[in-house]
Amino acid sequence: MATLVQYLQYLLNGITLGSIYALIALGYTMVYGILKFINFAHGDILMVGAYTGLLTYTALLGDSTNPVWMLTAFFIAMLVSMAFCAALGMFIERVAYKPLRSANRLAPLLSAIGVSFILSNGAAWIFGAQSRRFPYPFDDTPIVIAGLSITPHQILTIVVSVVMMVVLTLFVNRTRMGKAMRATSLDQSTSELMGIDVNRIISMTFAIGSALAAVGGILCSFDFRVYASMGTMTGLKAFVAAVIGGIGNIQGAMIGGLLLGVLESIGAPLLGIPSALRDTIAFAALIIILLVRPEGILGKNEREKV
Amino acid sequence: MLNFFQLIIIYAGIYALMAIGQNCITGNTGMLSLCHAGFFCIGSYATAIICKTFGLPFWFSLPVAALASGIVGFLIGVPTLRLKGDYLCIATLGLGEIIRNIATNVNPVGMMSVPRAQLFGYQFSSRNKFTFILLIWFFVLIAYILFRQLAHSRLGRAMVAVREDEVAAASNGINVTKYKIGAFTLGAAVGGTAGCFATAYTLTVQPSSFTFMVSVMVLCMVVLGGMGNLLGVILGAFIIEFISYFPQLVGLSSVIPAQASQIIYGLVLVVMMICRPQGILGRDKYRYGDPRSTFSKLRDAVKSRKGGEVKA
Amino acid sequence: MRILETQQVSKIFGGVVAVNKVDFNVEQGLVNGLIGPNGAGKTTLFNQITGMDVPTSGKIIFDGRDITGLPAWKISRYGIARTFQNIRLYCDLTVVENVMMGLHFKVGAEPFRGRFVQAVKSYFNARSENRELYEKALSWLEFFNLEGLKDEFARNLPYGNQRELEIARAMASGPKIIFLDEPAAGMNPAETEHLMGIINRIREHGVTVVLIEHDMKLVMNICDNITVLSFGQKIAEGTPEQIRTNPEVIEAYLGKEDD
Chain A
1 MATLVQYLQY
11 LLNGITLGSI
21 YALIALGYTM
31 VYGILKFINF
41 AHGDILMVGA
51 YTGLLTYTAL
61 LGDSTNPVWM
71 LTAFFIAMLV
81 SMAFCAALGM
91 FIERVAYKPL
101 RSANRLAPLL
111 SAIGVSFILS
121 NGAAWIFGAQ
131 SRRFPYPFDD
141 TPIVIAGLSI
151 TPHQILTIVV
161 SVVMMVVLTL
171 FVNRTRMGKA
181 MRATSLDQST
191 SELMGIDVNR
201 IISMTFAIGS
211 ALAAVGGILC
221 SFDFRVYASM
231 GTMTGLKAFV
241 AAVIGGIGNI
251 QGAMIGGLLL
261 GVLESIGAPL
271 LGIPSALRDT
281 IAFAALIIIL
291 LVRPEGILGK
301 NEREKV
Chain B
1 MLNFFQLIII
11 YAGIYALMAI
21 GQNCITGNTG
31 MLSLCHAGFF
41 CIGSYATAII
51 CKTFGLPFWF
61 SLPVAALASG
71 IVGFLIGVPT
81 LRLKGDYLCI
91 ATLGLGEIIR
101 NIATNVNPVG
111 MMSVPRAQLF
121 GYQFSSRNKF
131 TFILLIWFFV
141 LIAYILFRQL
151 AHSRLGRAMV
161 AVREDEVAAA
171 SNGINVTKYK
181 IGAFTLGAAV
191 GGTAGCFATA
201 YTLTVQPSSF
211 TFMVSVMVLC
221 MVVLGGMGNL
231 LGVILGAFII
241 EFISYFPQLV
251 GLSSVIPAQA
261 SQIIYGLVLV
271 VMMICRPQGI
281 LGRDKYRYGD
291 PRSTFSKLRD
301 AVKSRKGGEV
311 KA
Chain C
1 MRILETQQVS
11 KIFGGVVAVN
21 KVDFNVEQGL
31 VNGLIGPNGA
41 GKTTLFNQIT
51 GMDVPTSGKI
61 IFDGRDITGL
71 PAWKISRYGI
81 ARTFQNIRLY
91 CDLTVVENVM
101 MGLHFKVGAE
111 PFRGRFVQAV
121 KSYFNARSEN
131 RELYEKALSW
141 LEFFNLEGLK
151 DEFARNLPYG
161 NQRELEIARA
171 MASGPKIIFL
181 DEPAAGMNPA
191 ETEHLMGIIN
201 RIREHGVTVV
211 LIEHDMKLVM
221 NICDNITVLS
231 FGQKIAEGTP
241 EQIRTNPEVI
251 EAYLGKEDD
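Residue numbers (the working numbering), protein chains in the order written: chain A, 1 to 306; chain B, 1 to 312; chain C, 1 to 259.
Looking at chain A on its own, in the form it has when it is part of the complex (with noise of 0.2 angstroms):
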């Protein structure tokens, strides 16, 4: 049986890791709220984040040592990571989903699970198959309090997952963008009669989503290393975090993330199963939140018409 320090840790590692799930799950969420389809690709834009922002980190630093340029070099990093991959969502919005908008809705789905092939592949092919470590932007020793060990590396994780979730709903509750973006996932066709420009709504959407999905490929490296195929289970823990939360709902995917991620943590302790399972605690969760309340914790109930 573990201790209450010890639980308090695994609370911890928790909310590290549920942190960057909600970062990965707001992508999926926004993307399902405006345009109803589960975007498979999602998990490997946050891979392609990842690469973006190993190799432009290691291009900056070069072997310099100093550590006020190796943090402004992670974060100049962080933001060129985050736009590669905003073009990125783009592109692909563009040319693989954009035309399969009126068709059913297993083209698009099927679609996205085609795009994510592309891309895992295509990375491996790239970059080999071999994983490779972030490098802490800093001196990653724990600090211990009260028996509590907290790494710089998870306070960074959950300082800027916060920030990021601050002002993702300043940035939609607040600005006209994010009025019309609220809109357009309420009705998309009474939003274009009031002259919303859909098209660049949904554009902007998997921008948002695939930049915030950067960072959490850039966050979760310093965890689990950089690898061609590290989007995919991420990202499916990410969409469970959103489906718990209630897809389509921007806080749901917050609070959906954050409970995944402290349920994945101490679930296995608790239970006493080996946390190798910590997966199948995962999908458990994934399977019974659906089956007790299928619109999530914050979702609505959209009941079909007859």
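There's no promise every hint is true.
[Stated by the list, open to error] Each computed DSSO-like pair below joins lysine-lysine, with the alpha-carbon atoms no more than 30 angstroms apart:
1) 150(C) to 106(C)
2) 59(C) to 121(C)
3) 121(C) to 178(B)
4) 300(A) to 98(A)
5) 178(B) to 36(A)
6) 217(C) to 21(C)
7) 21(C) to 300(A)
8) 136(C) to 176(C)
9) 178(B) to 21(C)
10) 106(C) to 84(B)
11) 300(A) to 178(B)
12) 98(A) to 178(B)
13) 300(A) to 84(B)
14) 178(B) to 217(C)
15) 176(C) to 21(C)
16) 136(C) to 178(B)
17) 36(A) to 98(A)
18) 179(A) to 36(A)
19) 129(B) to 59(C)
20) 84(B) to 36(A)
21) 84(B) to 136(C)
22) 178(B) to 74(C)
23) 150(C) to 136(C)
24) 176(C) to 106(C)
25) 106(C) to 59(C)
26) 21(C) to 106(C)
27) 176(C) to 59(C)
[As the list claims (entries may be wrong)] Negatives, chain B to chain A, calculated, CB over 10 angstroms:
28) 9
29) 67
30) 101
31) 119
32) 130
33) 138
34) 139
35) 146
36) 181
37) 209
38) 216
Bear in mind the hints are in silico, worked out from the structure with no lab data behind them.
Note that beta-carbon positions come from the ideal geometry of N, C-alpha and C, so glycine has one too.
Fit chains B and C to the supplied structure of chain A, relying on the hints for placement.
Just chains B and C, lined up with the frame of chain A:
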């Protein structure tokens, strides 16, 4: 070269069985399921356990594999099939991952050197690929005939009704839940038999090989060939397997990286969805103006040939 | 004779009372109209009777049998068929296949007992069974003058034919009652006239008709008795003559006169 060609035919056969199962679920009944890798896994393990651990003959493991994955399919189906579309897709995906996750944890090293399948003292070995081709395609043919008969019967039509409109189907007295669970269980059982043949061929079971990608590949076969069209689905299995072994087939596996085939396959999916979403062969065109099933056509054909011989 | 009656049936969605303690009676062999302004709860009542919705309270008795809250497929097998306000055909199937679906559970005598055995039999006798169903479906298409379109895909049919096909599919299931949810919606006068003929022929066929409709001319001409709903409540019931002159009905439709 010939060797690889035979390999493609064998794997196409194994995957054709999987695709026939997936077609029953997705093509006919319209449920987007992504856990065929899980059924494949259960079928493979069932065979390995029956043949190796219990030392029973392969032919005994075949129905056990079908039954085991059918039962798992049923157990998965009962709670999840009330979910619709995307949600069902995620739930089944999650269940497929759970099956693999449990398999990797219970049996991380997999199972090696499973005894070979035998028929009247003949051993099916991977060295003689030709007999294996006969074995696997014989069962593909059986599955084809059985499922074609199903598709063209009242039951198959009810499945299609469920795919087209669940509310209307219920108003026509069709018990939607029962048909969904039935189709799911059947599809799962066929997926299990595919796993059984895969084990009989490779004689090993690797728990890490039953990834989500396998499920996606099977779904691709169904989509590529034409949903609900059995011949199309088998064609799809051929094409996908051909693409994955193409580099080895032309002897360029050292030049073309292994990922190339997977990239092509992603491209195929995207292009197909945009240009021809109904698949290569499209929907099954069956006209009730001539309501004769393949089964009976075959029977008639055999009869008339026999009749001819007698006369001669 | 009453073939179907609802006893104090209510439906509450969240805080909204869509149907409020309605006693709706259907007389056998007649055309029963159900009218009322938009949002009066007509379709909700239909959905509850046909099993698409479960009543919050109250009872539904059909043919002496309590069918409250049974699943739609079961109710359908007892002999209640319906059409939908927004047409629900099997779009990717042909016209004749659509009607064959209506015949789905007519195979075998009993609607419930021995269905599994029936299913196995159907599987092995698909050919002869298909031929039989096909013939039956064709005769229903002839009944509705649709036989010329039998191999068209349902999605390609003109709107009016789609409505007719939906009625044909419902009739194929051999119901005791058929519920028609706004069958004349979106039809021009000529098509409505044609529909009226169809409804009359259904009645002559011995099937009770329940009709939701906004087209007053159609309702007044064809219905034998009419029930009026307003804001979820039954406000009147009677012959077309009685309804036409009922002050409450006039008020529900036109609003209260200012003094």
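Consistency of the hints with the structure:
no., hint, verdict
1, 150(C) to 106(C), "holds, 20 angstroms"
2, 59(C) to 121(C), "violated, 37 angstroms"
3, 121(C) to 178(B), "holds, 17 angstroms"
4, 300(A) to 98(A), "holds, 26 angstroms"
5, 178(B) to 36(A), "holds, 28 angstroms"
6, 217(C) to 21(C), "holds, 28 angstroms"
7, 21(C) to 300(A), "holds, 28 angstroms"
8, 136(C) to 176(C), "holds, 18 angstroms"
9, 178(B) to 21(C), "violated, 33 angstroms"
10, 106(C) to 84(B), "holds, 28 angstroms"
11, 300(A) to 178(B), "holds, 28 angstroms"
12, 98(A) to 178(B), "violated, 37 angstroms"
13, 300(A) to 84(B), "holds, 15 angstroms"
14, 178(B) to 217(C), "violated, 43 angstroms"
15, 176(C) to 21(C), "holds, 25 angstroms"
16, 136(C) to 178(B), "holds, 26 angstroms"
17, 36(A) to 98(A), "holds, 13 angstroms"
18, 179(A) to 36(A), "holds, 18 angstroms"
19, 129(B) to 59(C), "violated, 67 angstroms"
20, 84(B) to 36(A), "holds, 13 angstroms"
21, 84(B) to 136(C), "violated, 33 angstroms"
22, 178(B) to 74(C), "holds, 12 angstroms"
23, 150(C) to 136(C), "holds, 13 angstroms"
24, 176(C) to 106(C), "holds, 13 angstroms"
25, 106(C) to 59(C), "holds, 27 angstroms"
26, 21(C) to 106(C), "violated, 34 angstroms"
27, 176(C) to 59(C), "holds, 19 angstroms"
28, 9, "holds, 24 angstroms"
29, 67, "holds, 23 angstroms"
30, 101, "violated, 5 angstroms"
31, 119, "holds, 38 angstroms"
32, 130, "holds, 32 angstroms"
33, 138, "holds, 31 angstroms"
34, 139, "holds, 28 angstroms"
35, 146, "holds, 25 angstroms"
36, 181, "holds, 15 angstroms"
37, 209, "holds, 14 angstroms"
38, 216, "violated, 6 angstroms"
When each numbered hint is compared with the structure, violations occur for hints 2, 9, 12, 14, 19, 21, 26, 30 and 38.
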